[in-house]
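Visitor: The primary structure of each chain is shown beneath.
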Amino acid sequence: MTFWETITGSDLTREWKGFQARADALPDDHRAAWEQINAHLFPHADFTGRSLMPILDGVLGLLEETAADGRSAHEVLGDDLPGFCSALVGGEGARSHRDRWREQLNRNVARKLGRLGG
Amino acid sequence: MDDLTEMLKGTLEGCVLHIISSEETYGYAITRRLNELGFTDVAEGTVYTILVRLERNGLVQVTKRPSGLGPPRKFFALNDTGRQELATFWAKWEYLSSRIDKLKEGGR
Numbered sequence: 001m002t003f004w005e006t007i008t009g010s011d012l013t014r015e016w017k018g019f020q021a022r023a024d025a026l027p028d029d030h031r032a033a034w035e036q037i038n039a040h041l042f043p044h045a046d047f048t049g050r051s052l053m054p055i056l057d058g059v060l061g062l063l064e065e066t067a068a069d070g071r072s073a074h075e076v077l078g079d080d081l082p083g084f085c086s087a088l089v090g091g092e093g094a095r096s097h098r099d100r101w102r103e104q105l106n107r108n109v110a111r112k113l114g115r116l117g118g
Numbered sequence: 001m002d003d004l005t006e007m008l009k010g011t012l013e014g015c016v017l018h019i020i021s022s023e024e025t026y027g028y029a030i031t032r033r034l035n036e037l038g039f040t041d042v043a044e045g046t047v048y049t050i051l052v053r054l055e056r057n058g059l060v061q062v063t064k065r066p067s068g069l070g071p072p073r074k075f076f077a078l079n080d081t082g083r084q085e086l087a088t089f090w091a092k093w094e095y096l097s098s099r100i101d102k103l104k105e106g107g108r
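Top line first, the protein sequences correspond to chains A and B. Residue numbers for the first sequence follow full-length UniProt numbering, beginning at 1 and rising by one. Residue numbers for the second sequence follow full-length UniProt numbering, beginning at 1 and rising by one.
It is possible that part of the hints are untrue.
What the hints assert, rightly or not - Lysine to any residue pairs mimicking SDA-like chemistry, simulated, CA-CA at most 25 Å apart:
(1) A:Lys-17 x A:Ser-51
(2) B:Lys-9 x A:Gly-83
(3) B:Lys-74 x A:Ser-86
(4) B:Lys-92 x B:Leu-78
(5) B:Lys-64 x A:Asp-46
(6) B:Lys-74 x B:Trp-93
(7) A:Lys-17 x B:Pro-72
(8) B:Lys-104 x B:Ile-19
(9) B:Lys-74 x B:Ala-91
(10) B:Lys-64 x A:Leu-105
(11) B:Lys-102 x B:Glu-55
(12) B:Lys-74 x A:Gln-104
(13) B:Lys-92 x A:Lys-17
(14) A:Lys-17 x A:Arg-102
(15) B:Lys-74 x A:Asn-106
(16) B:Lys-102 x B:Ile-19
(17) B:Lys-74 x A:Gly-83
(18) B:Lys-74 x A:Glu-64
(19) B:Lys-74 x B:Lys-92
(20) B:Lys-64 x A:Val-89
(21) B:Lys-9 x A:Gln-104
(22) B:Lys-64 x A:Gly-18
(23) B:Lys-74 x B:Lys-104
(24) B:Lys-9 x A:Asp-24
(25) B:Lys-64 x B:Leu-54
(26) A:Lys-112 x A:Gly-83
(27) B:Lys-74 x A:His-74
(28) B:Lys-9 x A:Ile-55
(29) B:Lys-9 x A:Ala-68
(30) B:Lys-74 x A:Ala-68
(31) A:Lys-17 x B:Val-52
(32) A:Lys-17 x B:Ala-91
As the list claims (entries may be wrong) - A short list of chain B residues far from chain A (calculated; beta carbon distances all over 12 Å):
(33) Thr-11
(34) Cys-15
(35) Thr-31
In case anyone wonders, no lab produced these hints; they're calculated from the structure. Beta carbons are placed, not taken as given, at the ideal position from N, Cα and C, and that holds for glycine.
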């Protein structure tokens, strides 16, 4: 990764386009699963989304592999897509945007209360 | 047997380690092995998340091999750390199952 890419995220855009091209080549049910997985994973991304890229690459590989074998997305992923996604990003307790916002809010409230002498 | 998943969750990683320990293998083959054993609820996606975790924790050695059709397949073999982890898993399993058996047989 060059400095320019780090600053602009241009490599991410390029990589993302590559993912989309690969996803477009998938059968319908696999593509639908890909879109849902994306929706589930994005809250877990860091600010730029860079942390997600290797995970997404792997998932896309899994979908491509199973599509080539002629297996359905449901057969491969089962019923628990949210569970699958949280296991991917590191277990049930994976921190998401929401957790971080909640922490921030708690901190701010505690500080305000402290200042009021409550 | 239904609803085994919750109970199986904690041990599935050990089961996958054990399957990999006997020979280098890939996700779908591991899933099929588990299904044959009677764990019919285990989907490949579940095994996939375990394999990702094993790789991240440095317990396996990964090799990409071309497959007949489609993209290359990832094959997994245990490394030394993985073998240690597997030994630990079986030790823990022995402990857990002996205690639970004891409980069932009327001990207190």
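Visitor: Sort out whether Val-89 (chain A) lies within 25 Å of Lys-64 (chain B), counting only the CA atoms.
Guide: OK: Lys-64 (chain B) and Val-89 (chain A) at ~23 Å, within 25 Å.
Visitor: Please work out if Lys-102 (chain B) and Ile-19 (chain B) have their alpha carbons no farther apart than 25 Å.
Guide: Distance ~28 Å between Lys-102 (chain B) and Ile-19 (chain B) Cα, so the pair is violated.
Visitor: Can you confirm whether the C-alpha distance between Lys-64 (chain B) and Leu-54 (chain B) stays at or below 25 Å?
Guide: holds (16 Å)
Visitor: Quick one, are Lys-64 (chain B) and Leu-105 (chain A) close enough, alpha carbons at most 25 Å?
Guide: violated (45 Å)
Visitor: Taken at face value, is the distance from the CA of Gly-83 (chain A) to the CA of Lys-74 (chain B) at most 25 Å?
Guide: holds (23 Å)
Visitor: Please work out if Lys-17 (chain A) and Ser-51 (chain A) have their alpha carbons no farther apart than 25 Å.
Guide: Holds, at about 17 Å.
Visitor: Measure nothing beyond the straight line between the CA atoms of Lys-17 (chain A) and Ala-91 (chain B); if it is 25 Å or shorter, mark the hint as holding.
Guide: violated (47 Å)
Visitor: Are the Cα positions of Lys-74 (chain B) and Ala-68 (chain A) separated by 25 Å at most?
Guide: It holds: about 14 Å lies between the C-alpha atoms, which stays within 25 Å.
Visitor: Would you check the hint for Lys-64 (chain B) and Asp-46 (chain A), treating anything up to 25 Å between C-alpha atoms as holding?
Guide: Measuring from Cα to Cα gives roughly 29 Å; hence the hint is violated.
Visitor: Take the C-alpha atoms of Lys-104 (chain B) and Ile-19 (chain B), compute the straight-line distance between them, and say whether it is at most 25 Å.
Guide: Outside the cut-off at roughly 29 Å; violated.
Visitor: Run the distance test for Lys-92 (chain B) versus Leu-78 (chain B): straight-line Cα separation, threshold 25 Å.
Guide: With Cα atoms ~19 Å apart, Lys-92 (chain B) and Leu-78 (chain B) stay inside 25 Å; holds.
Visitor: Lys-9 (chain B) and Gly-83 (chain A) were given as a pair; does the straight-line alpha-carbon distance stay at or below 25 Å?
Guide: Cα-Cα ~12 Å, so holds.
Violated hints, in rising order: 5, 6, 8, 9, 10, 11, 12, 13, 14, 15, 16, 19, 21, 23, 24, 26, 29, 32 and 35; the structure is consistent with all others.
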